[in-house]
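Asks: Line by line, the protein sequences are chains A and B.
The first sequence begins at 604 in the working numbering and counts up by one.
The second sequence begins at 16 in the working numbering and counts up by one.
Since the hints were made in silico from the structure, they are not lab data.
In this text, all values refer to a predicted model and were calculated from it rather than measured experimentally.
Backbone N, C-alpha and C define an ideal beta-carbon position, used for all residues, glycine too.
Check before you lean on any hint, since a few could be wrong.
[Said to hold, decoys possible] Derived DEER-like restraints, expressed as beta-carbon distance ranges:
#1 B:Gly37 x A:Glu674: 41 to 51 Å
#2 B:Phe86 x A:Ser647: 42 to 52 Å
#3 A:Glu675 x B:Thr67: 36 to 46 Å
#4 A:Ser667 x B:Asp218: 19 to 29 Å
#5 A:Leu677 x B:Ala259: 46 to 56 Å
#6 B:Pro182 x A:Asn610: 28 to 38 Å
#7 A:Ser647 x B:Leu216: 44 to 54 Å
#8 B:Glu102 x A:Met605: 29 to 39 Å
#9 A:Ala652 x B:Ala101: 16 to 26 Å
#10 A:Met605 x B:Asn184: 12 to 22 Å
[What the hints assert, rightly or not] Output of the computed footprint for chain B on chain A, the stretches with three or more beta carbons under 8 Å from beta carbons of chain B:
#11 608-621
#12 634-648
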Amino acid sequence: MMLPGVNDPVWMQIVTGKKPIRSTKATINLLIQSNKMSYERDPSPLNVAGLIAKTHGLFARFRSIFGTEIEEILK
Amino acid sequence: MSATMSASLRSITDVQAEIAAGESLFLAGSRKALSQLPRGNWVGGTISYFMTEVGGLLSEDQIFVTCVPDFALEAEATDYGVENLAELYRDAPANGFTFLILPNSTEVLKTFAEQAPTLDGFLMHPIVGWVSGVRVDRIGKDSPAVFNGRTGAVFADRCVALHVALPANKVADLDIVNIFESGGGEVVRFEEAGFRVTSCLIDGKKDNLADYIRRKGLQPEFPLVGDYNGTAINVSFQRVDPVARAVDFYAPVFPGVDYRFAKPVAEYSAAFDNAITLEAHEPDFACNCILNYLYGKLEGRKTGRITGPMTFGEIAHQLLNQTMVRLYLRDVE
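In isolation and in its complexed conformation, chain A is listed as follows (with noise of 0.2 Å):
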């Protein structure tokens, strides 16, 4: 399954919680949590850049195990 490039818009959606993922997977349920702690204690343009990373790294490390979740972003 494709999973969007790192500078696709959906990231910063994601990261910045305009695009709820919902997943019964506990290792994404941590890294929405953790963004979302890190964003309300730091929204500038770095660290957001530095979630987004974060977050697609994640997703593209472990895109076997998450074909539900990156369906819904694809979506």
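Using the hints provided, position chain B relative to the given structure of chain A.
Replies: Positioned in the frame of chain A, the structure of chain B alone reads:
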């Protein structure tokens, strides 16, 4: 090594033989049992409570063994202290997972619990494991310990890790099973991270948590449940001190998380049976919490089909309480 990641309660003699045969092992047992093992590629921690195929069991003469499977590319036993804990993630394999055991009530546990979510590599490198403890009738008399079998060292103030590298056709997948859910009451928030709390916000209004618990008559048997984007993460009560008006937890609370008191659970064994989703195969490793064992009176009773040590804290990426943790090594298509 084993063809699959087998896990079961075994005799000390059997474990000695497995170590001599060159197996890489992740072990839970009493200090007396682990002290009788030869050097080898293993790590272990002190725990005397287990969930077995016939139910919960206290044993000081058997060891719960998880064997690293033969498809693993490498398994390396090592240890870390507060000063180099961040290296845990740097040393973790690019594809694989790390078994971790931290001794209870130590600075290294506190540091991991509070800082792991902020460290480089968090979530990217799956970390699974537990917190070592002592028999509950020996709390305050004995010390929890961890063992690095490679060096023969025993620690009361460091953690031990077994880094396991997997081939490209395997991936480590962590899962948690929580029988507690939010009771749906007022939202509790905290302004600082920590294991000890005095003030909090209840539905946005400043309050003292110990006072709030007393006023509401809440039972500390049931944890606070944090909402992590829909995943329930428990924080269990260690002590509610009405004199100091302070609350001590077994894991830290964090600012930015919405907590609620858990809905009471009456029958733990049945609750686990219901909560455990059916999978094509059993988990490659699992552990559960000593508080569930004690509050749920699980001695002689089962938690579904799942076996493993009953520990003083569980780790699935971060420190958890009153939770079952499962590791699956899945095939990559």
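Asks: All hints, please: hold or fail.
Replies: Cross-check of the supplied hints:
1. B:Gly37 x A:Glu674: 41 to 51 Å: holds (43 Å)
2. B:Phe86 x A:Ser647: 42 to 52 Å: Given a distance of about 44 Å, which is inside 42 to 52 Å, the answer is holds.
3. A:Glu675 x B:Thr67: 36 to 46 Å: holds (39 Å)
4. A:Ser667 x B:Asp218: 19 to 29 Å: violated (42 Å)
5. A:Leu677 x B:Ala259: 46 to 56 Å: Distance hint for Leu677 of chain A, Ala259 of chain B holds at roughly 53 Å.
6. B:Pro182 x A:Asn610: 28 to 38 Å: holds (31 Å)
7. A:Ser647 x B:Leu216: 44 to 54 Å: For Ser647 of chain A and Leu216 of chain B the Cβ distance comes to about 25 Å; the hint is violated.
8. B:Glu102 x A:Met605: 29 to 39 Å: holds (35 Å)
9. A:Ala652 x B:Ala101: 16 to 26 Å: holds (22 Å)
10. A:Met605 x B:Asn184: 12 to 22 Å: holds (20 Å)
11. 608-621: With 0 residues closer than 8 Å to chain B, the stretch 608-621 of chain A misses the three-residue bar; violated.
12. 634-648: That given contact holds, which follows from 8 residues of the stretch 634-648 of chain A lying within Cβ reach (below 8 Å) of chain B.
Violation of the numbered hints given earlier is confined to hints 4, 7 and 11; the remaining hints are satisfied by the structure.
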